[in-house]
Amino acid sequence: MAPLEGLWGAAEESLSRALDAAALRQRVVAHNLANLETPGYRRFQVVFEELLAQQQARQSRLRLSLATTHPAHLKGIPARPVGPVVVRDEGTIYRNDANNVDPERELATMAKNGLWYRSLSRAMSARFASLRTAIHEGRR
Amino acid sequence: MAFLSGLDISASGLTAERLRMDLIANNLANALSTRTPHGGPYRRQMPVFAARQPVGQVGAGVEVVAIVEDPSPPRLVFDPDHPDARPDGYVEYPNVDVVTEMVDMLAASRAYQANLAAFATSRDMAQSALELLRV
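Going down the list, the sequences are from chains A and B. Under the working numbering, residue 141 is the last one in the first sequence; the count climbs by one each step, no gaps. Under the working numbering, residue 136 is the last one in the second sequence; the count climbs by one each step, no gaps.
Be aware that one or more of the hints could be misleading.
[Unchecked claim] What follows is a list of derived Cβ distance ranges for each label pair:
id	chain 1	residue 1	chain 2	residue 2	range
1	A	86	B	85	29 to 37 Å
2	A	133	B	27	55 to 63 Å
3	B	101	A	116	36 to 44 Å
4	B	101	A	50	40 to 48 Å
5	A	92	B	103	41 to 49 Å
6	A	88	B	51	16 to 24 Å
7	A	46	B	90	52 to 60 Å
8	A	127	B	70	56 to 64 Å
9	A	92	B	82	24 to 32 Å
10	B	66	A	92	20 to 28 Å
11	B	87	A	46	53 to 61 Å
12	A	86	B	51	19 to 27 Å
[Said to hold, decoys possible] If you want the ones that stay clear, here's a sample from chain B, every Cβ over 10 Å from chain A, calculated:
id	residue
13	6
14	10
15	17
16	19
17	42
18	50
19	63
20	70
21	71
22	77
23	81
24	87
25	89
26	96
27	102
28	103
I should point out that these hints are in silico values taken from the structure, not numbers from a laboratory. Here a beta-carbon is modelled for each residue, glycine too, at the ideal position from N, C-alpha and C.
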């Protein structure tokens, strides 16, 4: 990754994390739908956007980074990358077999998530396209 | 392969619902079968679904761990002329309730469609990821 250090910026990093989270959410929804008729099964869900928003809110509060005039000075709290978390939904039960997978809800999540994934991958390919332009135009 | 494991997960759901559909079809076909190889009338068969243990954070779909027979008693119909009638004149018919089977069939069909939709979405997502390589 070293030669691409300057090319792979914060935007690409965020996009790739969000793409990972969306891909994970798709697998979780597929798992929930596969277990639509499994007695006692409880649905899983992916928490990511909330965690990212929390982290960004925290970072914007800490925008004034500490001045470091000596190598031993502390740089403040380094941003730890946020990853998606899979949590089990134990709360809702609406069927006699204690299964709480609601197919409409899962399908809606899946449709939204699929569109979200496509827009993220479009954004990613737009980043790649501008990198490509930069590389090719430099040759002329 | 994690990139395409969404397809495997949905495929496990499709397989399970398909098997359930086969059992329902078999139940309906045998709704009046009074003879079976092990004696007595046919008994309604049901699949037992279990969630597959997670690989990492995400589960790996569903599997049918067993096919069990409905232990409820056979349906008795008074028909002394039937070749399988008991000495008291009653015939033991399978404990298959056609209406229950029909309801289960609709549920299985909808669940199959839901898994198919998940399969299609996983495939579309994989495709849009592959398009990143074509910039």
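Hints, one by one, checked against the model:
A hinted range of 29 to 37 Å is violated for the C-beta pair residue 86 of chain A and residue 85 of chain B, which are about 60 Å apart. Judged by the Cβ atoms, the range 55 to 63 Å given for residue 133 of chain A and residue 27 of chain B holds: they are separated by roughly 58 Å. The supplied range of 36 to 44 Å is met by residue 101 of chain B and residue 116 of chain A, whose beta-carbon atoms lie about 39 Å from each other. For residue 101 of chain B paired with residue 50 of chain A, a C-beta distance near 42 Å keeps the hint of 40 to 48 Å intact.
At roughly 33 Å, the beta carbons of residue 92 of chain A and residue 103 of chain B sit outside the given window of 41 to 49 Å. Between residue 88 of chain A and residue 51 of chain B the beta carbon distance is about 21 Å. The supplied range of 16 to 24 Å therefore holds. Between residue 46 of chain A and residue 90 of chain B the beta carbon distance is about 58 Å. The supplied range of 52 to 60 Å therefore holds. A beta carbon spacing of about 59 Å between residue 127 of chain A and residue 70 of chain B agrees with the range 56 to 64 Å that was offered as a hint.
For the pair residue 92 of chain A and residue 82 of chain B, the beta carbons lie near 58 Å from each other, so the given range of 24 to 32 Å is not met. Take residue 66 of chain B and residue 92 of chain A: their Cβ atoms lie about 27 Å apart, and the range 20 to 28 Å holds. In this structure, residue 87 of chain B and residue 46 of chain A meet the distance hint of 53 to 61 Å, their C-beta atoms being roughly 55 Å apart. A hinted range of 19 to 27 Å for the beta carbons of residue 86 of chain A and residue 51 of chain B is consistent with their spacing of about 25 Å.
Not every CB of chain A lies more than 10 Å from the CB of residue 6 of chain B, the least distance being 6 Å, so the non-interface label is violated. Residue-level check failed: residue 10 of chain B sits 4 Å from the nearest beta carbon of chain A, not beyond 10 Å. Distance check on residue 17 of chain B: its Cβ comes as close as 7 Å (rounded) to a Cβ of chain A, failing to clear the 10 Å threshold; non-interface status is violated. Listed as a non-interface residue, residue 19 of chain B keeps its Cβ farther than 10 Å from every Cβ of chain A; the least gap is roughly 12 Å.
The beta carbon of residue 42 of chain B sits about 27 Å from the closest Cβ of chain A, which is more than 10 Å, so the claim that it is off the interface holds. Residue placement check: residue 50 of chain B does not keep its beta carbon more than 10 Å from all beta carbons of chain A (closest about 4 Å). Its beta-carbon lying about 4 Å from the closest one in chain A, residue 63 of chain B breaks the requirement of being farther than 10 Å from that chain. Chain A leaves residue 70 of chain B outside its interface by the beta-carbon criterion, the shortest separation being 17 Å against a cut-off of 10 Å.
Separation of residue 71 of chain B from chain A is adequate, the least Cβ-Cβ distance of about 15 Å exceeding the 10 Å criterion. Separation of residue 77 of chain B from chain A is adequate, the least Cβ-Cβ distance of about 28 Å exceeding the 10 Å criterion. No Cβ of chain A approaches the Cβ of residue 81 of chain B within 10 Å, the least distance being about 40 Å, so the stated non-interface status holds. For residue 87 of chain B, the condition that its CB be more than 10 Å from all CB atoms of chain A holds, with the nearest at approximately 35 Å.
Every C-beta of chain A lies more than 10 Å from that of residue 89 of chain B, the closest at about 37 Å, which supports listing it as non-interface. Interface exclusion of residue 96 of chain B from chain A stands, the closest Cβ pair being 20 Å apart, more than 10 Å. Distance check for residue 102 of chain B against chain A: the nearest CB is about 15 Å away, which clears 10 Å, and the non-interface claim stands. For residue 103 of chain B, the requirement that its beta carbon stay farther than 10 Å from each beta carbon of chain A is met, with the minimum near 16 Å.
Hints 1, 5, 9, 13, 14, 15, 18, 19, counting from the list given before, are not met by this structure.
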